[in-house]
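Visitor: Each chain, letter by letter, is given below.
There are 2 protein chains.
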Amino acid sequence: MQLNEMSASEIVAAIAGGRVSCVEVAQACLARIAEREDAVHAWAFVDPARVLDEARRRDSESARGPLHGLPIGIKDIIDTADMPTAMGSPIYAGHQPRADAACVAIVREAGAVILGKTVTAQFASMSPGPTVNPHNPAHTPGGSSSGSAAAVADQMVPAAFGTQTGGSVLRPSSYCGVVGYRPTFGTFNMAGIKPAAQSFDALGLHARTVDDIHLLARVLTGAAPAALEVPTAAPVVGICRTPLWEHAQPETVGALDDAAARLEAAGCRLVRIDLPDEYATLDAARVAATAYERSRAMAWEWAHRRDQIGTLLQEEILRGRAIRPDDYEAALTRLEACRAAIGVHIRGFDVVLAPAADGAAPQGIASTGNARFQGFWTALYLPAITLPTSRASNGLPVGIQLVGDYRQDEKLLAVAKWVFERLNPVGRPSDN
Amino acid sequence: MQLNEMSASEIVAAIAGGRVSCVEVAQACLARIAEREDAVHAWAFVDPARVLDEARRRDSESARGPLHGLPIGIKDIIDTADMPTAMGSPIYAGHQPRADAACVAIVREAGAVILGKTVTAQFASMSPGPTVNPHNPAHTPGGSSSGSAAAVADQMVPAAFGTQTGGSVLRPSSYCGVVGYRPTFGTFNMAGIKPAAQSFDALGLHARTVDDIHLLARVLTGAAPAALEVPTAAPVVGICRTPLWEHAQPETVGALDDAAARLEAAGCRLVRIDLPDEYATLDAARVAATAYERSRAMAWEWAHRRDQIGTLLQEEILRGRAIRPDDYEAALTRLEACRAAIGVHIRGFDVVLAPAADGAAPQGIASTGNARFQGFWTALYLPAITLPTSRASNGLPVGIQLVGDYRQDEKLLAVAKWVFERLNPVGRPSDN
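Going down the list, the sequences are from chains L and Z. Heads up: the first sequence begins at 773 in my numbering, then just goes up one per residue. Heads up: the second sequence begins at 773 in my numbering, then just goes up one per residue.
It should be emphasised that the hints constitute simulated quantities derived from the structure, not laboratory data. Mixed in with the good hints, there may be bad ones.
Since the list can't tell identical chains apart, any single copy or any two copies may satisfy a pair.
[What the hints assert, rightly or not] Below, a list of computed lysine to any residue pairs in the SDA-like style, where the Cα atoms sit at most 25 Å apart:
no.	residue 1	residue 2
1	Lys1183	Asp1098
2	Lys1183	Ala998
3	Lys1183	Asp1099
4	Lys1183	Asp983
Isolated chain L (complex conformation) (with noise of 0.2 Å):
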């Protein structure tokens, strides 16, 4: 196995154990950019010299924490002190922030490596930049996250930053093949990162393997650093196809189903969830308030940059403007109440199976594809990862959802690697 195709996990113990450098890693995933970048366009920002740099300093000194040596790319509307930071907009082309967001400070005194800046949608938005899916360039790697996904996929950088308003993280993630997490709302520090929607934005992790995210998940909290203990017995999972379900398109129906399947035959209970009514409004609760909330955080750009911004955004900042503090505070309020209320639906379950997207990558990067199957979870500030655990029939991979409970994400993380390890990851993007 090439140093890049390593895990992070196996990365940080190799460097830890004196097996390898952090200069070695780091050229392995530079070699790697630099014969794929051409084709995936994942990078916004990489400068090979001073990447070295710092991995030569990383392994010039001790170790400085579980993450020492580790390459990772950071979505390009996350601030870094010594890269410029364009969020994928020409109105910040060369920006360069005065810091690093607190994720990027965080993850740095933990011995991390900031390999570059990934492509982001215009301001995490719907607005698409230039990257393709790695498993084929003539579809979507999905978005906000595009870069992300597509550099940990295509086997760039072992782990990256992503974010997520309405489904930026777990979309590129399922549509690329890769483990995607959104934490409960509000746990990882958002200073630093341009806001989208406030009562929605979130840091995510793009990566490999559970055990990766986890080892993140535990730095940018302040955890110390532990084994990620997967459950003895087969978890009791509830499925949940959400009020939705109507836009499953087959693969999603089959990536389900054939989870459920197999989950089954590796002994687990699944029970099926239907929620009340009320929950087929939440979609357009969410829509509304995020189209609100963008059109504000946007106010500037729009009064002094409106023809540098893209047309998916113009309009939903336009949508957004039209909607009435009244409406707007109507949605928040329908929103708080189905929080309020999903607790009793999915207690007494280990973990919630849900669709991860619509389908698998649509054709084409003018669209990253609809964000409601995760849009769902996020408005429910409840913790949820992607698996890649299936494939479509034209070979592009198919993700599951997995919701854990509020607070409840490292309960949400072991039964995912308990999950995960049951059903065959899709492996190496690459290789098809």
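On the provided structure of chain L, position chain Z as indicated by the hints.
Guide: Using the frame of chain L, we list chain Z on its own:
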């Protein structure tokens, strides 16, 4: 009355009616600053030539919106595209953001003239800036929105933006004798405001009348301009001393008793609210969660500029870094339980009357005072306003705090106006 002594509502009406020009209003504010700034130190940045340029542009165009020509002060942790934003810290000296914060862009779109940046405690923390109390320079103006409260109190500007994480809007407003308002959590957009503690941060407002607060709040949320309709009947008032009552100093006890007596004489029914024991632990949970979040938000500054961080803020960061994620989550869970339960205690009342601060402004400027009485309601996410209704024996202003129900901000402001009309306002601070 001088132009700089007029309220925001009076100013925009006078400009709209053609009775004064935007330049004349700006000149009056700038003249007051020139006269008093050496004594008060309310401003981090004012460029008179640039302000007059902007006012001249407003005079030369048709009315942009309901704030046309209104001078506003902006707390210096809020980004401005054309003025430096130094966060009250040498670390960000001369720092020039790329864009206006959302709130700044929104009020500019409505016609406001940004007068300058007001002094903030370092990163909106407890580490104070140079501002003194305009009523008595031997006393703190409170913080962290020190300059905003002092500038409004000293008639330098009719209104200013502050932010509140614990008590950073209401405490300095109470100490300086102005009206201070923090809306229901999440109401105003936070894009472009340096985060302090993300579960608590809110944009707030300082002004000299409740109508002015209402005017600005409606612009910020995108509501159409409307007059504030005061209740036709005397409101039913719940008096809540809170479990922190032992910290109330004689002038706060006096301010509350005095307000209660005068409200009763004005026809209000007053009912004492005794919160159950669980609320006694709220303040400790708030302080712990705030310290944890602030220590993350300041990760870059801590790693790279530690020696330039003020002592009080360093101490808070150290406390925050020592809090384990499990204890942080337990604190958040406790706060969420209090939030979920508070409604039953305050419903049935038109407003809750509570202490605004421990007492009047303490002597010296090494501390900005304690945030507990403001932070209590901040942590409950309820809208709150302070009104300058009383005086300590040393002549310093003492406020009361009025608290509304969740998302009932419009009602809170209406009742506050009714109350303020019946309890004599302090008047012009510099007259004392």
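Visitor: What hints, given by number in increasing order, does this structure fail?
Guide: The structure conflicts with no hint, since it agrees with every one listed earlier.
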